[in-house]
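Colleague: The lines below spell out each chain.
Number of protein chains: 2
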Amino acid sequence: MEKKNLGVGLIGFGIISGQVATVLKEKAGILAEHVGCSLEIKKIKVLPADLKRPLAKEFDPALFTTNEEEFFATPGIDIVIEAIGGEHPAFEYLQKALSTGKSVVTSNKEVISKRGADLMTLARQNNVSLRFEASVGGGIPLISPFMFELVANRINGIYAIINGTTNYILTRMDKEGTDFNTALKKAQELGYAEANPKDDVEGIDATYKLAILSSLGFKMSVGPEDIHHEGISRLSSRDFRYARELGFAIKLLAIAKQDDKWIEVRVHPVFISEESLLAKVDGVYNAVLVEGDLVGNVLFYGQGAGPKPTSSAVIADVVSTAQDLLIGAGNRIKWQAKPKIIKPMNEVITRYYLRMNVSDQAGVITQITRILGDNQISISAMLQKEANIASQSAEIVIMTHLASEAAMQNALHEIGKLKVVNEIGNFIRVEDL
Amino acid sequence: MEKKNLGVGLIGFGIISGQVATVLKEKAGILAEHVGCSLEIKKIKVLPADLKRPLAKEFDPALFTTNEEEFFATPGIDIVIEAIGGEHPAFEYLQKALSTGKSVVTSNKEVISKRGADLMTLARQNNVSLRFEASVGGGIPLISPFMFELVANRINGIYAIINGTTNYILTRMDKEGTDFNTALKKAQELGYAEANPKDDVEGIDATYKLAILSSLGFKMSVGPEDIHHEGISRLSSRDFRYARELGFAIKLLAIAKQDDKWIEVRVHPVFISEESLLAKVDGVYNAVLVEGDLVGNVLFYGQGAGPKPTSSAVIADVVSTAQDLLIGAGNRIKWQAKPKIIKPMNEVITRYYLRMNVSDQAGVITQITRILGDNQISISAMLQKEANIASQSAEIVIMTHLASEAAMQNALHEIGKLKVVNEIGNFIRVEDL
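Chains as they are written, first to last, in the working numbering: chain A, 54 to 486; chain B, 54 to 486.
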């Protein structure tokens with residue numbers, strides 16, 4: 054195909070898409086060298102508010118439209134970049150782009166995690182490509198490794214810190230001893246957490262990303278609804294103190310494992326050894342540890358969000374798409390979907406950390422350990438902290454050996470009914486990395 | 054192109070190529086699914102000794118030949134995999150393969166670092182591809198990120214632990230307080246170091262790998278001969294003790310930086326903050342930190358050697374090459390070569406650690422600090438360790454602020470001439486990561 058340039062259409066002109074447009078303009082020469090022809094922005098679909106951004110003044114006003122029809126009717130758009138986020142109307146836009154023969158690059162984790170397989174089928178039917186490197190981990194190469202560089206491996210496990218907001222909050226709670234709400238407020242002040250932080254702190258954002266990574270890693274269509282998730286709001290600064298004392302860090306981990314029978318996918322706070330590399334991933338940084346049968350453990354680390362890192366991935370996808378278009382390669386990406394069997398949460402086996410507040414009297418520990426023993430849960434370590442004289446209570450921390458979630462939930466239910474137990478402060482699963 | 058299978062020819066049947074052959078056989082079904090057609094081994098070029106390996110019995114004897122002519126005359130070979138290492142005869146083999154229209158996958162860092170640009174030109178002329186993901190960092194995706202996923206970035210720096218042998222030795226020296234020779238012997242016993250360890254411990258292997266990474270990162274043809282390199286044999290266990298005391302770890306780092314004027318490429322032991330992620334990379338593991346203008350810092354970590362991790366990268370390259378062949382994509386890889394200007398070592402600016410043994414008498418420090426001051430080198434920290442009464446000597450450790458290599462070499466020369474200085478024990482550059 055001989056072509057002087059390829060046309061690009063942008064959907065969105067927010068913080069991410071604005072940065073993408075800026076890079077396309079500022080690095081036009083270098084990108085043209087890589088692709089083998091120039092990339093020209095043909096149209097930008099905006100919201101009225103976007104036009105008030107100072108950045109809008111740096112682009113030809115004729116490029117902007119608030120009208121969806123006009124955007125899609127623009128001649129010469131070969132590649133559509135979508136960075137508006139959310140399932141709707143992004144899904145409809147992507148559907149329209151793919152079905153009219155345009156290749157798509159998106160940074161939208163929600164639409165890919167929920168509708169990725171459908172969109173990929175549509176892309177294949179239309180012999181165009183759909184790329185989404187920026188949907189997980191910002192500029193860290195993660196999608197490509199699963200699709201290309203690790204393709205010879207059977208992926209046995211994925212262990213990921215993939216939400217910068219929660220990792221920032223946990224880092225502050227750990228290093229400064231602050232409580233969850235104080236750390237969240239600081240994250241909001243710094244722009245790391247949104248006014249409504251639910252998607253991040255409840256682990257929902259992480260389920261989108263884990264759904265994408267595990268779908269690619271296991272070659273199954275894993276959706277966010279398949280993933281058990283718990284957030285970080287129930288963590289207290291005391292949990293961090295005890296974790297340190299026991300040689301652990303606390304992280305919100307997205308975990309996916311595969312054995313011969315089923316896959317296990319879950320997002321929740323975990324204790325991990327403070328010696329593990331993931332324990333050293335602080336602040337808004339992301340890291341993904343992948344365990345393959347040939348490659349062993351590989352780890353990818355970097356900034357998981359932000360306009361510049363995200364634009365790095367979006368532009369890389371645009372370059373690859375453009376290279377493919379020039380050679381007429383169509384869709385080189387495979388999204389296979391073997392049948393999936395998800396392990397029920399009750400069957401998950403881990404070690405546990407338990408923290409409880411009990412009456413400071415004789416025989417309390419015997420009552421608790423008897424219940425654990427009756428549920429086949431054995432204890433690996435116990436800390437009894439100084440009693441509070443005024444309230445006649447004491448805090449007990451127990452680390453268990455491996456136990457099933459069902460057994461632990463049953464034991465917690467029974468322990469909660471004991472008269473001598475004032476409160477089950479927390480229980481946190483332990484991941485041995 | 055409609056084809057029922059693609060043909061593969063292997064050059065070599067040693068520990069790496071044997072593993073590659075095994076994976077091609079054992080994972081044939083999965084690989085065929087990825088590629089879109091089956092991959093069939095057509096011929097294996099072996100040395101007579103290879104045929105005595107037990108693994109040879111698991112392949113059809115008709116596949117083996119010790120004859121180069123016969124190998125290249127075998128019909129139906131689309132992709133040649135080379136894993137024999139070294140510049141010759143690998144270069145001639147690859148030349149022959151490419152010029153007769155075969156695509157090439159190699160794990161050979163030496164031939165790629167020395168002749169990569171020539172081979173790439175030859176590949177382009179013949180519209181076939183040349184891939185070498187396994188040449189750096191075993192199974193860790195490193196070549197592809199530079200070629201594809203980080204392509205939107207201007208790469209400002211590369212900081213790499215890319216030699217597992219030396220990192221294993223340094224880890225033992227650090228954790229166990231052993232000296233270099235003891236740690237080397239242990240590495241040899243475990244098969245991590247060769248009988249003749251020169252290429253690893255003198256940093257030569259690391260220069261091959263850094264030449265490849267910096268060529269791709271900076272889009273210049275950087276050769277091993279451009280890279281200043283020093284090995285690890287002059288490190289003593291005392292250096293590790295002082296490093297810890299000062300908050301540093303010691304690593305053999307391959308460093309490449311780019312500014313507006315020139316590039317800086319060097320391999321030598323460095324002090325790095327013990328808080329940096331690279332400081333946590335222990336044993337035979339590798340890690341590469343890349344600094345891009347958009348992506349910020351990204352880090353790739355994993356096993357940098359060994360048959361399985363290396364086969365992971367080789368097979369991934371074979372799959373990508375095969376996918377490209379099926380769609381008639383030819384060579385999608387760019388190896389650009391802008392003119393390079395290498396910063397002379399004398400112009401390099403770092404901080405320094407100095408350790409010296411001096412006479413235990415008044416005025417010694419004044420004499421040393423005066424020389425440093427005369428060379429515009431200022432001191433950031435100093436440790437004076439207990440004197441040795443018997444020898445009437447003391448050990449002094451000095452950390453400097455930023456200084457040029459020229460100034461430091463000049464100062465060391467003058468300090469070495471002082472009567473009160475018995476020995477300059479070591480000087481190690483400090484890298485601020």
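Keep in mind the hints are simulated off the structure, nothing from the lab.
Accuracy of the hints is not assured; some may be wrong.
Stated by the list, open to error - Cross-link-like lysine-lysine pairs, in silico, BS3-like; alpha carbons within 30 Å at most:
| # | chain 1 | residue 1 | chain 2 | residue 2 |
| --- | --- | --- | --- | --- |
| 1 | B | Lys310 | B | Lys239 |
| 2 | B | Lys387 | A | Lys95 |
| 3 | A | Lys105 | A | Lys95 |
| 4 | B | Lys393 | A | Lys387 |
| 5 | A | Lys387 | B | Lys78 |
| 6 | A | Lys393 | B | Lys361 |
| 7 | B | Lys391 | A | Lys80 |
| 8 | A | Lys310 | B | Lys167 |
| 9 | B | Lys361 | A | Lys387 |
| 10 | B | Lys333 | B | Lys391 |
| 11 | B | Lys333 | A | Lys228 |
| 12 | A | Lys361 | B | Lys391 |
| 13 | B | Lys314 | B | Lys95 |
| 14 | A | Lys310 | B | Lys361 |
| 15 | A | Lys391 | B | Lys387 |
| 16 | A | Lys310 | A | Lys239 |
| 17 | B | Lys239 | B | Lys272 |
| 18 | A | Lys228 | A | Lys239 |
| 19 | A | Lys57 | B | Lys391 |
| 20 | A | Lys396 | B | Lys80 |
| 21 | A | Lys393 | A | Lys251 |
| 22 | B | Lys310 | A | Lys78 |
| 23 | B | Lys314 | A | Lys361 |
| 24 | A | Lys361 | B | Lys310 |
| 25 | B | Lys387 | A | Lys78 |
| 26 | A | Lys80 | B | Lys393 |
| 27 | B | Lys361 | A | Lys80 |
| 28 | B | Lys167 | B | Lys361 |
| 29 | B | Lys95 | B | Lys361 |
| 30 | B | Lys387 | A | Lys387 |
| 31 | A | Lys387 | B | Lys239 |
| 32 | A | Lys149 | A | Lys361 |
| 33 | A | Lys80 | B | Lys105 |
| 34 | B | Lys78 | B | Lys149 |
| 35 | B | Lys314 | A | Lys78 |
| 36 | A | Lys78 | B | Lys272 |
| 37 | A | Lys80 | B | Lys110 |
| 38 | B | Lys396 | A | Lys391 |
| 39 | A | Lys361 | B | Lys272 |
Colleague: Determine for every hint whether it applies to the structure shown.
Modeller: Structure-based check of each hint:
The straight-line distance between the Cα atoms of B/Lys310 and B/Lys239 is roughly 34 Å, outside the 30 Å bound, and the hint therefore fails. Restraint check for B/Lys387 and A/Lys95: satisfied, since their Cα atoms lie roughly 27 Å apart, inside the 30 Å limit. Of the pairs offered as hints, the one joining A/Lys105 and A/Lys95 holds, with about 20 Å between alpha carbons and a cut-off of 30 Å not exceeded. At most 30 Å may separate the alpha-carbon atoms for a hinted pair to count; B/Lys393 and A/Lys387 exceed this at roughly 39 Å.
A threshold of 30 Å between alpha carbons decides the hint, and for A/Lys387 with B/Lys78 the separation of about 22 Å falls inside it, so the pair holds. Simply put, A/Lys393 and B/Lys361 have alpha-carbon atoms about 27 Å apart, close enough for the 30 Å limit, and the pair holds. Under the criterion of a C-alpha separation no larger than 30 Å, the hint pairing B/Lys391 with A/Lys80 is consistent with the structure, at around 17 Å. Of the pairs offered as hints, the one joining A/Lys310 and B/Lys167 is violated, with about 41 Å between alpha carbons and a cut-off of 30 Å exceeded.
The straight-line distance between the Cα atoms of B/Lys361 and A/Lys387 is roughly 24 Å, inside the 30 Å bound, and the hint therefore holds. Between B/Lys333 and B/Lys391 the alpha-carbon distance is near 35 Å, which puts this suggested pair outside the 30 Å criterion. The suggested pairing of B/Lys333 with A/Lys228 holds, with an alpha-carbon distance near 19 Å, which does not exceed 30 Å. Among the hinted pairs, A/Lys361 with B/Lys391 is consistent with the structure: their alpha-carbon atoms are about 26 Å apart, no more than 30 Å.
The hinted pair formed by B/Lys314 and B/Lys95 fails the criterion: a straight-line CA distance of about 50 Å is larger than 30 Å. For the suggested pair A/Lys310 and B/Lys361, the alpha carbons sit about 20 Å apart, so the restraint of at most 30 Å is met. A threshold of 30 Å between alpha carbons decides the hint, and for A/Lys391 with B/Lys387 the separation of about 35 Å lies outside it, so the pair is violated. As the CA atoms of A/Lys310 and A/Lys239 are separated by approximately 34 Å, the hinted pair breaks the 30 Å bound.
For the proposed pair B/Lys239 and B/Lys272, the alpha carbon gap of about 39 Å is over 30 Å, so the pair is violated. Distance hint between A/Lys228 and A/Lys239 is fulfilled; the C-alpha atoms sit about 14 Å from each other, no more than 30 Å. With a CA separation close to 24 Å, the supplied pair A/Lys57 and B/Lys391 stays within the 30 Å bound. For a cut-off of 30 Å, the pair hint linking A/Lys396 to B/Lys80 stands: about 26 Å separates their Cα positions.
Restraint check for A/Lys393 and A/Lys251: satisfied, since their Cα atoms lie roughly 28 Å apart, inside the 30 Å limit. In summary, the hint linking B/Lys310 to A/Lys78 is supported, as the alpha carbons are separated by about 26 Å, within the 30 Å threshold. Distance restraint check for B/Lys314 and A/Lys361: the Cα-Cα separation of roughly 25 Å lies within the 30 Å cut-off, and the hinted pair is therefore satisfied. With a CA separation close to 20 Å, the supplied pair A/Lys361 and B/Lys310 stays within the 30 Å bound.
Between the alpha carbons of B/Lys387 and A/Lys78 the distance comes to roughly 22 Å, so the proposed pair stays at or under 30 Å and holds. With a C-alpha separation of about 21 Å, the suggested pairing of A/Lys80 with B/Lys393 holds against the 30 Å cut-off. For the proposed pair B/Lys361 and A/Lys80, the alpha carbon gap of about 39 Å is over 30 Å, so the pair is violated. Annotation: proposed proximity of B/Lys167 to B/Lys361 holds, straight-line Cα distance about 25 Å (limit 30 Å).
At most 30 Å may separate the alpha-carbon atoms for a hinted pair to count; B/Lys95 and B/Lys361 meet this at roughly 22 Å. Restraint check for B/Lys387 and A/Lys387: the C-alpha separation of about 24 Å stays at or below 30 Å, so the hint holds. In summary, the hint linking A/Lys387 to B/Lys239 is not supported, as the alpha carbons are separated by about 45 Å, beyond the 30 Å threshold. Taking the CA atoms of A/Lys149 and A/Lys361, the gap is near 28 Å; set against the 30 Å cutoff, the hint holds.
Restraint check for A/Lys80 and B/Lys105: not satisfied, since their Cα atoms lie roughly 56 Å apart, outside the 30 Å limit. For the given pair, B/Lys78 sits about 26 Å from B/Lys149 by alpha-carbon distance, which is consistent with the 30 Å threshold. Restraint check for B/Lys314 and A/Lys78: the C-alpha separation of about 24 Å stays at or below 30 Å, so the hint holds. Under the criterion of a C-alpha separation no larger than 30 Å, the hint pairing A/Lys78 with B/Lys272 is consistent with the structure, at around 21 Å.
Straight-line distance between C-alpha atoms of A/Lys80 and B/Lys110 comes to about 55 Å, which puts the hinted pair past the 30 Å bound. For the hint linking B/Lys396 to A/Lys391, the alpha-carbon distance of about 53 Å lies beyond 30 Å, and the restraint is violated. Between the alpha carbons of A/Lys361 and B/Lys272 the distance comes to roughly 21 Å, so the proposed pair stays at or under 30 Å and holds.
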